[in-house]
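2 protein chains.
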Amino acid sequence: MAPQLDSYFKQVDDLSDHFIERLRKAVAIPSVSAEDDRRPEVIRMGKFLASELKALGADVELRELGKQPHKEHLDLPPVVVARYGSDKSKRTILVYGHYDVQPALKDDGWATEPFDLTVDDKGRMYGRGSTDDKGPVLGWLNAIEAHQKAGIDFPVNLLMCFEGMEEYGSEGLDDFINEEAKKYFKDADAVCISDNYWLGTEKPCLTYGLRGCNYYSLEISGPGQDLHSGVFGGTAHEPMTDLMRVMSTLVAPDGKILIDGINELVAPMTDDEKSLYGDIAFTMDNLYESLGSTSGIYDNKEQTLMARWRYPSLSLHGVEGAFSAPGAKTVIPAKVIGKFSIRIVPDMEIEDVNKLVFAHVDKAFAALGSKNTCKCTLQHAGKWWVASPKHWNFTAAGKAVEHVWGVKPDLTREGGSIPVTLTFEQATGKNVLLLPMGSSTDAAHSINEKLDKRNYIEGIKLLGTYLHYVAEEPMKEE
Amino acid sequence: MAPQLDSYFKQVDDLSDHFIERLRKAVAIPSVSAEDDRRPEVIRMGKFLASELKALGADVELRELGKQPHKEHLDLPPVVVARYGSDKSKRTILVYGHYDVQPALKDDGWATEPFDLTVDDKGRMYGRGSTDDKGPVLGWLNAIEAHQKAGIDFPVNLLMCFEGMEEYGSEGLDDFINEEAKKYFKDADAVCISDNYWLGTEKPCLTYGLRGCNYYSLEISGPGQDLHSGVFGGTAHEPMTDLMRVMSTLVAPDGKILIDGINELVAPMTDDEKSLYGDIAFTMDNLYESLGSTSGIYDNKEQTLMARWRYPSLSLHGVEGAFSAPGAKTVIPAKVIGKFSIRIVPDMEIEDVNKLVFAHVDKAFAALGSKNTCKCTLQHAGKWWVASPKHWNFTAAGKAVEHVWGVKPDLTREGGSIPVTLTFEQATGKNVLLLPMGSSTDAAHSINEKLDKRNYIEGIKLLGTYLHYVAEEPMKEE
Chain A
1 MAPQLDSYFK QVDDLSDHFI ERLRKAVAIP SVSAEDDRRP EVIRMGKFLA
51 SELKALGADV ELRELGKQPH KEHLDLPPVV VARYGSDKSK RTILVYGHYD
101 VQPALKDDGW ATEPFDLTVD DKGRMYGRGS TDDKGPVLGW LNAIEAHQKA
151 GIDFPVNLLM CFEGMEEYGS EGLDDFINEE AKKYFKDADA VCISDNYWLG
201 TEKPCLTYGL RGCNYYSLEI SGPGQDLHSG VFGGTAHEPM TDLMRVMSTL
251 VAPDGKILID GINELVAPMT DDEKSLYGDI AFTMDNLYES LGSTSGIYDN
301 KEQTLMARWR YPSLSLHGVE GAFSAPGAKT VIPAKVIGKF SIRIVPDMEI
351 EDVNKLVFAH VDKAFAALGS KNTCKCTLQH AGKWWVASPK HWNFTAAGKA
401 VEHVWGVKPD LTREGGSIPV TLTFEQATGK NVLLLPMGSS TDAAHSINEK
451 LDKRNYIEGI KLLGTYLHYV AEEPMKEE
Chain B
1 MAPQLDSYFK QVDDLSDHFI ERLRKAVAIP SVSAEDDRRP EVIRMGKFLA
51 SELKALGADV ELRELGKQPH KEHLDLPPVV VARYGSDKSK RTILVYGHYD
101 VQPALKDDGW ATEPFDLTVD DKGRMYGRGS TDDKGPVLGW LNAIEAHQKA
151 GIDFPVNLLM CFEGMEEYGS EGLDDFINEE AKKYFKDADA VCISDNYWLG
201 TEKPCLTYGL RGCNYYSLEI SGPGQDLHSG VFGGTAHEPM TDLMRVMSTL
251 VAPDGKILID GINELVAPMT DDEKSLYGDI AFTMDNLYES LGSTSGIYDN
301 KEQTLMARWR YPSLSLHGVE GAFSAPGAKT VIPAKVIGKF SIRIVPDMEI
351 EDVNKLVFAH VDKAFAALGS KNTCKCTLQH AGKWWVASPK HWNFTAAGKA
401 VEHVWGVKPD LTREGGSIPV TLTFEQATGK NVLLLPMGSS TDAAHSINEK
451 LDKRNYIEGI KLLGTYLHYV AEEPMKEE
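Just so you know, the protein sequences line up as chains A and B, in that order.
As numbered in UniProt numbering, residues 1 to 478 make up the first sequence, in order.
As numbered in UniProt numbering, residues 1 to 478 make up the second sequence, in order.
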């Protein structure tokens, strides 16, 4: 296999400017799924992808998902599904990615125009969607093209599923995957998703676990309308006072969740698991660099990684309905909605967590003796996911990493959730591998999102190499 | 005096449709001082006022205040100053009002177009600025016009000062008043401001006291940029967790301020003062109606009025920098700024309050053991004001109320601050009277702001009648 890969690698290097151009074209389409008036741009991005895939000889379909729930004036962007190759003697690998991006405005603090890919002298390619997830999505296309130009047989049949609503809850996608699992996706032998990040900046990883997320709204209301604090301050129960009180009972400054019973739901740490953390290529400096500060809770990597991967966390995200602009406004908000979420881990069941949260909030609010009204609701929930890293899908990916990067990858979990991972696993019954391209400093979802040129180009090599190894890996633990 | 007033009253009644039209024209100009792109509308409103005053024969000047501090591309709207009459044998009364308004969008929940004065079948005139403060400002103009049409000699020389930045901190006005106190305003014998509200809906009042207001920003920061709660939740000190903790230590759900030493600064209640509250025309139903709920802290009017007028209060207004939109966002905000203010009363000095607040916040934050950074700053401060209600300015106003409304007015204080009151008192050295036109249900600063037709028309009569009585009232306690 090595000679084949050598000529593949050479092609990727030779085509690198062309691949960066392709990413530049993709970044230039502001496919922000959360902004209604940019929906045509999301659709345009889907069509761009489809057109690139067709030019590479893939069979492509744009699959419509209908109207957007609660926004019936908007068409959901299509899912771009494609098949490249249909050789019965080859394995079939299903890959997923998304072509929509987070919102971005220059005024948010970007150093460059967010939709104009800007490469600096260190090879950092800044642009919204560069790493999340246009770079990785194009990685699959680029791997096909480099095989073609190198004259190498493509090692697998590739099924592709690229959606346009990932940054807005993947509306409609679960139903689509469940529907197509035994149709369009029926030949899939394994699944690979490239939509996450290395743990640090130097060592690649394979990811086999994700935390889930239960997201809550905590609404406290009283007055019929917003009040003037001069006129009413001191005479009425203020919803903000109650909300701050209740929210401050949920979590301690050191991250400990204060909801009775929550921590008891967490699977106990085994000695076996504990021993894994020491070897992971991660340092406190990696944390500090990605935090942009040294305000970490723990002073060692083991506890930090455990806190991120295998323990739950609770974050207070904000308050809707209160004064949120710069400056001063002497308002007593009539109705405020606190937002918080809990990252859940094995063995926390969504429903069990809900019950404990609601009971805690009820108790904390009752203790205030307020005449306001309190209502806590679940906004959305996503289960955690843990796969077997000993599956041949992972073994193949591990060999590919070693081939391209010269190191064994870390086997990692992630603190975030990628709900589609679990959907693919449950719908297809196949092993799902998360194979990241970008690094921990890429700032997905933040200002100045970037993908390093090295990660992009070597990442293209890695995706292709993975397909070679996965084509040949003996089946075990399937 | 009575026959003269009768013909004045008849003219006001006869001209009532005309006066409502004048208010409609004023409301139609969206003079929102807080919105940069509406600055031309604020200026247009100033010119409209000047033009109406000129047509009534007043000497009018538009006095420029220069550029807006921190927004040098914006001209401050002019102060409209005017003099009507200069008869040395008459008293001179200086009146103040403002022609700018709070922001208003139909989408905020208005039942009608906010800048289209809409009169319902109960005579409620809905529109932004109807009661705050365009109705009262036009009240002075209407009083002049009704005198002219009734052929009655105007009883005083009227000096007018109408500003266009009241809803945005009266930028530039203090300097202007101090500058003109011994110039344009030098003849003033007393000051009257109509920019507040009755305590309830049935009985007029004269207002002789206001609370001050210290407004604070409480900034907590840590990470270099906003973080993803999946990736970082549980590993870093979160500014929102700390902020909610600190803010929840400031005030109890029952309104009690929890900052050490604050309550000790408050002037003790005397038996004399205590006896005043029982007679005030105010009921708990008045409170509940204006609250739009029954979530009052106290169950009796005395404690409620004391809490509003003569005790301090602390309100938590909101959080800047956190997630504030509808929906769900799994962000860990990197820097959050809590906003809160304290309404201050005699004998609380601004600086003493600051010291106690900063000490409290420092202590509360230190107790968290967080690695984040906390900074508390004063955004703005305004002193409380208490005048002598036995001054002839008040006596005259009391007689006018009795003449027009047939009842003795309540002598009230207010929970809010009207900083210009204190400025006029200190700059001119004259007694300042607050003579409200609107009622407690007018919803100034809220959606569906209105002025009742009855309050407007009888209010015009009251302003004119006040000028007759104040012209003749024997001087005492000056």
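Fair warning: there could be bad hints in the mix.
The list makes no distinction among identical chains, and a pair is therefore deemed to hold if it is satisfied within one copy or across any two copies.
With a straight-line Cα cutoff of 30 angstroms, these simulated DSS-like cross-link-like pairs (lysine-lysine) come out [stated by the list, open to error]:
id: 1; residue 1: Lys390; residue 2: Lys329
id: 2; residue 1: Lys453; residue 2: Lys383
id: 3; residue 1: Lys371; residue 2: Lys355
id: 4; residue 1: Lys186; residue 2: Lys274
id: 5; residue 1: Lys256; residue 2: Lys301
id: 6; residue 1: Lys256; residue 2: Lys335
id: 7; residue 1: Lys371; residue 2: Lys203
id: 8; residue 1: Lys383; residue 2: Lys25
id: 9; residue 1: Lys47; residue 2: Lys106
It should be emphasised that the hints constitute simulated quantities derived from the structure, not laboratory data.
Everything numeric in this text was worked out from a predicted model, so none of it was measured.
For each hint, the structure was consulted:
For the identical chains of this complex, Lys390 and Lys329 are neighbours neither inside a copy (58 angstroms) nor across copies (34 angstroms), given an alpha-carbon limit of 30 angstroms. Proximity of Lys453 and Lys383 under a CA criterion of 30 angstroms is satisfied in neither setting, with 34 angstroms inside one chain copy and 59 angstroms between copies. Within a single copy, Lys371 and Lys355 get their C-alpha atoms as close as 24 angstroms, which meets the 30 angstroms cut-off; across copies the closest is 32 angstroms, which misses it. Taking identical chains as interchangeable, the C-alpha atoms of Lys186 and Lys274 are never at most 30 angstroms apart, the minima being 38 angstroms within one chain and 82 angstroms between chains.
With identical chains, the CA atoms of Lys256 and Lys301 are at most 30 angstroms apart within one copy only, with a shortest distance of 18 angstroms there and 44 angstroms across copies. Taking the closest pair of Cα atoms, Lys256 and Lys335 come within 30 angstroms of each other both inside a single copy (28 angstroms) and across two copies (21 angstroms). Within a single copy, Lys371 and Lys203 get their C-alpha atoms only as close as 55 angstroms, which misses the 30 angstroms cut-off; across copies the closest is 29 angstroms, which meets it. Taking the closest pair of Cα atoms, Lys383 and Lys25 never come within 30 angstroms of each other, the shortest separation being 35 angstroms inside a single copy and 59 angstroms across copies.
Taking CA atoms no more than 30 angstroms apart as the test, Lys47 paired with Lys106 passes inside one copy only; the shortest distance there is 26 angstroms, against 38 angstroms between copies.
In summary, the structure is inconsistent with hints 1, 2, 4 and 8 from the numbered list given earlier, while agreeing with the others.
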